[in-house]
Amino acid sequence: MSTTAPKATDTIAPDDTLGDYFTLLKPKVMSLVIFTGFAGMWVAPGLNETHPFLAFVAMFALAIGAGAAGAINMWFDRDIDAIMNRTKDRPLPMGKINPDEALTYGIVLSIFSVMLMGVAMNWVAAGILAFANLFYVVVYTMWLKRTTPQNIVIGGAAGAFPPMIGWAAITGDITLYPLIMFAIIFFWTPPHFWALSLFANEDYKRAKIPMMTVTAGAHKTKIQMIAYTLILLPITLAPWALGYAGIIYGITATILSTLFLVSAIKVYKSEDLKHAKIMFGYSVFYLFALFLALMIG
Amino acid sequence: MPHSEVHKQKFKKNLAVLGMIVGFGLLIFAVTIIRISGG
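Chains as they are written, first to last, in the working numbering: chain U, 1 to 297; chain G, 1 to 39.
No lab work stands behind these hints: they were computed from the structure. Just so you know, these numbers come straight off a predicted model, no measurement behind them. All the pointers check out, no bait thrown in.
Computed, partial: chain G to chain U, Cβ under 8 Å:
(1) 16
(2) 24
(3) 27
(4) 28
(5) 31
(6) 34
Take a look, some chain U residues computed to stay more than 12 Å from chain G by CB distance:
(7) 26
(8) 32
(9) 150
(10) 226
(11) 258
(12) 296
Note that CB positions come from ideal geometry on N, CA and C, so glycine has one too.
Using the sequences and the hints, build the whole thing.
Here it is, written out as structure tokens:
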């Protein structure tokens with residue numbers, strides 16, 4: 001009686017589970033993508049004429065596309081993820097998933113998500129989804145993240161596409177309103193990530209990622225955070241000012257954006273990293289609340 | 001022939017992939033039916 005020993009090429013991560021493959025998709029990022037994408041779909045004219053199952057499939061395609069980009073990002077960044085405390089428990093640095101399988105998984109899901117969006121809705125939405133994925137993977141992950149302190153300023157555009165995709169899925173085009181939603185997320189991204197990098201600075205330094213806090217220091221970063229939250233205030237009021245959203249949204253956006261600005265000023269005035277953590281937590285709530293107000297208002 | 005642990009784990013993974021492929025195929029089919037019927 002004999003058993004066949006596994007070949008050297010049969011190496012698989014012994015602990016990989018379906019849960020690890022789900023973790024590869026960055027579910028927290030996916031939830032924000034789905035919500036903002038749904039907001040874009042919700043406010044788009046023509047949603048009532050859209051079959052609800054197709055609308056659901058469009059959101060599913062968006063979620064899968066975003067997750068796929070996250071998986072490819074985790075594949076590319078597995079070397080620096082292993083160095084950073086915040087990310088060292090991810091499946092790839094832990095050796096739970098074979099890197100080649102992670103890459104294949106991401107690419108296949110990405111292609112599938114674009115095809116699904118195109119077949120279910122239209123090729124405008126599918127095209128924007130494809131572009132957003134490519135932008136996140138190639139422009140942000142592979143190029144900007146490790147080379148410039150403006151990495152999340154420019155690369156953050158990738159996270160701003162979902163409302164445009166949701167809108168385009170219904171209407172087949174892009175107008176000023178979805179562009180405003182894009183701009184809201186675009187200008188929200190830097191203060192959001194810089195708040196994180198203030199209290200995760202040692203991690204980024206160790207991994208040699210040129211975040212603004214690492215290259216320019218905390219003080220200059222805090223000034224820029226205030227600048228971006230100041231710019232954000234009128235942008236978030238634009239939907240109300242232009243008649244796209246009602247007064248409820250206008251009041252809500254004013255309060256939320258003012259509080260965001262106040263939190264940035266508190267971060268600037270204090271050396272205590274507690275304020276940066278509070279601002280980071282608030283920034284997530286802020287975006288959800290703002291887009292919820294857009295949908296309601 | 002006894003199945004090794006590697007075989008069992010690969011079989012589970014391959015089954016999951018097959019499930020995904022079938023699931024996606026059904027999804028595309030459902031979407032196509034709805035689009036054809038004017039949805």
